[in-house]
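Visitor: One-letter residues, chain by chain:
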Amino acid sequence: MHKRTSLRRLAAVAIAAGLPLAAAGPVAAQSDPIRIGLILPMTGPFASTGRQVEAAVKLYMAQKGSAVAGRKLELIVRDDGGAADVTRRLAQELVVNDKVTVLAGFGLTPLALATAPIATQSKTPMVVMAAATSSIIDASPFIVRTSFTLPQATVGIAEWAPKNGIRKVVTLVSDYGPGIDAEKAFLARFTRDGGQVVESLRVPLRNPDFAPFLQKVRDTKPDALFVFLPSGVGAQMMKQFTERGLDKAGIRLIATGDVTDDDILDSMGDAALGVVTSHHYSAAHDSAPNKAFVEAFRKAHGGMRPNFMAMGGYDGMRVIYTALAATKGAGGEALVAAMRGQSFESPRGPVTIDSQTRDIVQDIYIRKVERVGGQLYNVEFDVLKAVKDPGRG
Amino acid sequence: MLTLLFDGIAYGMLLFVLAVGLSVTMGLMNFINLAHGAFAMAGGYLVVVLMQRWGWPFLACLPVAFVATAALGAALERTLYRPMYAKPHLDQVLFSIGLTFMAVAAVDWSMGSSMQMVQLPALLRGRSEFLGGALGVGHYRLFIVVVCVVLTIGLQAILMRTRFGSRLRAAVDDPRVAGGLGIPVNRVFLATFAAGSGLAGLGGALGAEVLGMDPTFPLKYMVYFLIVVAVGGTSSISGPLVAALLLGIADVFGKYYVPKLGAFIVYVLMIAILLYRPQGLFARERSR
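Residue numbers (my numbering), protein chains in the order written: chain R, 1 to 393; chain L, 394 to 681.
No lab work stands behind these hints, which were simulated from the structure alone.
A few of these clues could be false.
No more than 30 Å apart at the CA atoms, straight line, and that leaves these computed lysine-lysine pairs for DSS-like [stated by the list, open to error]:
#, chain 1, residue 1, chain 2, residue 2
1, L, 613, R, 168
2, R, 328, R, 99
3, L, 613, R, 184
4, R, 216, R, 184
5, R, 72, R, 328
6, R, 58, R, 328
7, R, 184, R, 368
8, R, 64, R, 248
9, R, 72, R, 299
10, R, 248, L, 653
11, R, 248, R, 328
12, R, 328, R, 368
13, R, 99, R, 168
14, R, 64, R, 368
15, R, 299, L, 653
16, L, 653, R, 184
17, R, 163, R, 184
18, R, 221, L, 653
19, R, 58, R, 99
20, R, 216, L, 480
21, R, 385, R, 163
If we strip away everything but chain L, and leave its shape as in the complex, we get (with noise of 0.2 Å):
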């Protein structure tokens, strides 16, 4: 019982990672990026590569991961996704998930389609028993959870707390205004969007054990992507958290109690949560 909580917050924070840079992207630049996906998928690959190829250890990677993704979404933010700014969301949704079929058919032909295999590290491996037993922690499940705190509190402090954070919110509210302040809205959004991609990069590294890595990755967790960023609303940083978390824990216990409707149960509770709340849990009234 216990263990299984364990497993669905491990699973529940690591959606969070992967989803929460989509929730920045969406919710403060007003941009759908459906290619996100992709994104967590070049971090996984990048670990991988790092890994068996040049024999790299697994630690040394995730931050590596982080940076190399960071950089890519930099790059591509530049270069493809600024002129998109200005689109309607159904040529931005058309675009990137273009940019996501592309990927998946770079990745096929460049990496092979069979997934990718992660040896973990021996301290990573294995695992604990607590309270006799009842309670079973996998250490690498202990790890993602720690890092995902860890990350949840620094996106939080950035945010509300930094100099940054006002002027990212300040120019999402109005990017003109914001710019007639001196506000650089370009750059200010460009390292948003980097951070996003990221923190993609990270999730997918850090899932690439657990979620397996193959080409079509991007597409089978976007359904869990935009899942989490519907449920959770757009606007926080703790609505995608609590949204991850609680999907992460209902897809467990469902899988464990009611195998049979197992898959099911995350989109059952989509449905009665969006019935409920249609903005998502936490969203505030958007004046827009």
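Extracted from the complex, chain R is given alone in its bound form (with noise of 0.2 Å):
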């Protein structure tokens, strides 16, 4: 056992080196199966994430038989707990032993920056489903996005706020890298459209009490407070704001659409109800393929609803499927050149991967969280059409 682990180990440090080695794994014998590696946080803090792209994925590949271009494909499915260091390992095991040609999943930044030298250095295609820091796309060329990045999210609200009638606004943001990307890509949208960024808030990410600070907005009296904080902590945030009254100040409440994830958006409440925010995807978005999409999600799943990283589970598989077929189940970067410049129609609506970027592109949607059929949704009403990542130059 422990001989085994060592060697392992050197298989590893083979790898790191960039000694060509693993360039033979794309290049397996035809009968066998094409692995896809799909790592995620199942456990532990981030397991929502998980759990919605896992089942996602699954529902995809239902759907579409488990063979692509004659070769049958498997999934192989790892949880990385959410630690970044764990993350890395469970890559190299997949791509050492498992001969994956596919990398797939990655929950968090962290989890998706400590993967992407191994990406690189085995040239295996890393297809990031949930992270959503802009600059992980830089981290290795065989890096290709279907989520989303925060900047992309934030620059909608940044844009509608102004147009309508907000012009002060304090920012309240997880103190950690997404929140200050958030906290960034606001005030520079915002303040571009004319608006004034009064008071900028970072709170702990383990924040026990949001009181301190929702009296210092309450003091401050802007227009609306803009937030972006971890959709858990986010929910938290909106009661105590109803709570503190204040709504009945007349500060209205404005985010990206994670703080009003749909994951757990019903079980928020009344204090939920008329939040604006932006986000590329919501389950009551009107289309033909998104209902289909989200019944199907529902019946696979007990009664689930989808959310964003559903979403981004799921056109994940949609982009490895057809590139898998465009390359004949070849990998590496031939691969990567079939991911590029793909163009569809997901159940979010629109959607590219840009050919140079390899950054996904879509609609940003405004949307208002209202109660439909007695349950609590965030109703889209506007619309940013072709959103490239601001957050890059």
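Put the complex together from the two separate chains, hints included.
Guide: Put into structure tokens, the structure is as follows:
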């Protein structure tokens, strides 16, 4: 046992050193199944991301069959628990031992960044289905993204606000990478359009109580409060927002769609009503493909509602399938080339994988939380067409 | 300003209820129980389950949370904790932190890792303004303050005025002599431990709304509990009370006036106080 792990480690070191050892991987025997390594946080605080992505990936495979270009597809799911070193190790194992053709998943930015060097050195395409920091795409020429970027989602609300009588804004974000991304993106676009950010609050990621921050917002009297927080914490903030009477004081709540995450939106209760957010996907998106998707997703997974994470997983599989069909199962650079420039009608709306940046270009919707048929939904009422990631110049 | 003060007091009171059980077991029974937060989590999740799955009203859940976690505490005291009393502190710490990790994993597995929501009754929602808007009082926070004040007075009275209180203090000072005098030391400890756990459970139930309930709760707040106990000393009820209030108010004010430093104010305050009074604010000189 001990010897095997050290051998494995040796192999990993060889990969890391850039030896062309793994180049042999994609040219495996034609009869072998094509393996897709899906690494997700299935346990720990970000398990809901993993659950949603996995459910969507499995749904896609169930719908489209598990064979492409005459070869069987095999999905290998691994749980990294949200820890970057684990993601990296699992990716190494998948590439070296299981000879996967594609790596996919990646629930959080650090997890994707930790794996990027492995994708580069083993020439394995890496489809990012969830993580949303702009810079990820630059970490390796083998990365393709099917989720969204936070600046992309933020731009929507930052453009909408000044047109709707919101001039003075206080921003409140969680003090970590994506939060600061959102704060910067909002500030840049909002002030360009004549708005004014009077205060930028950053709350600790493990924040017990929003009382002082919200009181500060109330006393500052802005037109609106812009918020980016991870979804669970966001729900708590929203409740305290109403409890503290900020809504009655005439302060509006605007946010990115993470805060009104479809996965838990319905359990947030009336506090969420009327919150205006911008995002790339809502389960209430009004189109035939989306209705079919939501319906099938619910049926396959015991009534679970798909959220934007599921969307990233579903479209990610679509991109992988289409690309594999084009390359007849070959991996490596050819597969990435086949992913570039793909353009299709997703349940979320029209999307394109930018042929230059490998990042996703998509519509960003402005939505408002409303009660539809007894349940809370993000109802879309405005749209910005074909938004590229503004986070990278 | 007054609003902030009030929020700080409410937050401090909540910390106090959560931590007082720890202070009791640590100070009176001389046992370091880092799994204290796990009992708080048990109380919080019990409320969540009772309300979401069985539709119980919130107020009815609170006493249940106290009783159920107290019973859980008693059961664990009999089976797991009692053999640990005589062990060195390091063993106790390792044992109880292991228990915490098990609790975290168990809740994660059975309840899922997302944050749980509690819907308050309409009576406790909303807020009133006094003094021309200078003092805004959230109803729920007011409720927390009232519950905590009642608890504090009750605890102090039990410890200082009742026969049980004096037996407990005697049992702590010297278990052997106390036993020789016919005090049922084991039973006294059992009751104390159960009450401490029950208080944590009640604190968790009360705090679910304000602090949020997720499986990492015991780890997230362990530091706060320990700060309250370290600063307040472990020999009385009033020590942790003043410490919790001080921390709550400092935390709220810090986050309001210097948001950039917000999260650190508590630690700065703790360091300052402990430099000045290493035994805690109200500790008696201990002979042990």
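Visitor: Hints first: check each against the structure and report whether it holds.
Guide: Results for each hint:
no., hint, in the structure
1, L/613 x R/168, "violated, 34 Å"
2, R/328 x R/99, "holds, 17 Å"
3, L/613 x R/184, "holds, 28 Å"
4, R/216 x R/184, "holds, 21 Å"
5, R/72 x R/328, "holds, 12 Å"
6, R/58 x R/328, "holds, 22 Å"
7, R/184 x R/368, "holds, 23 Å"
8, R/64 x R/248, "violated, 50 Å"
9, R/72 x R/299, "holds, 25 Å"
10, R/248 x L/653, "holds, 27 Å"
11, R/248 x R/328, "violated, 60 Å"
12, R/328 x R/368, "violated, 44 Å"
13, R/99 x R/168, "violated, 54 Å"
14, R/64 x R/368, "violated, 33 Å"
15, R/299 x L/653, "violated, 47 Å"
16, L/653 x R/184, "holds, 16 Å"
17, R/163 x R/184, "holds, 20 Å"
18, R/221 x L/653, "holds, 20 Å"
19, R/58 x R/99, "holds, 20 Å"
20, R/216 x L/480, "violated, 49 Å"
21, R/385 x R/163, "holds, 17 Å"
Checked against the numbered hints listed earlier, the structure breaks hints 1, 8, 11, 12, 13, 14, 15, 20; every other hint is satisfied.
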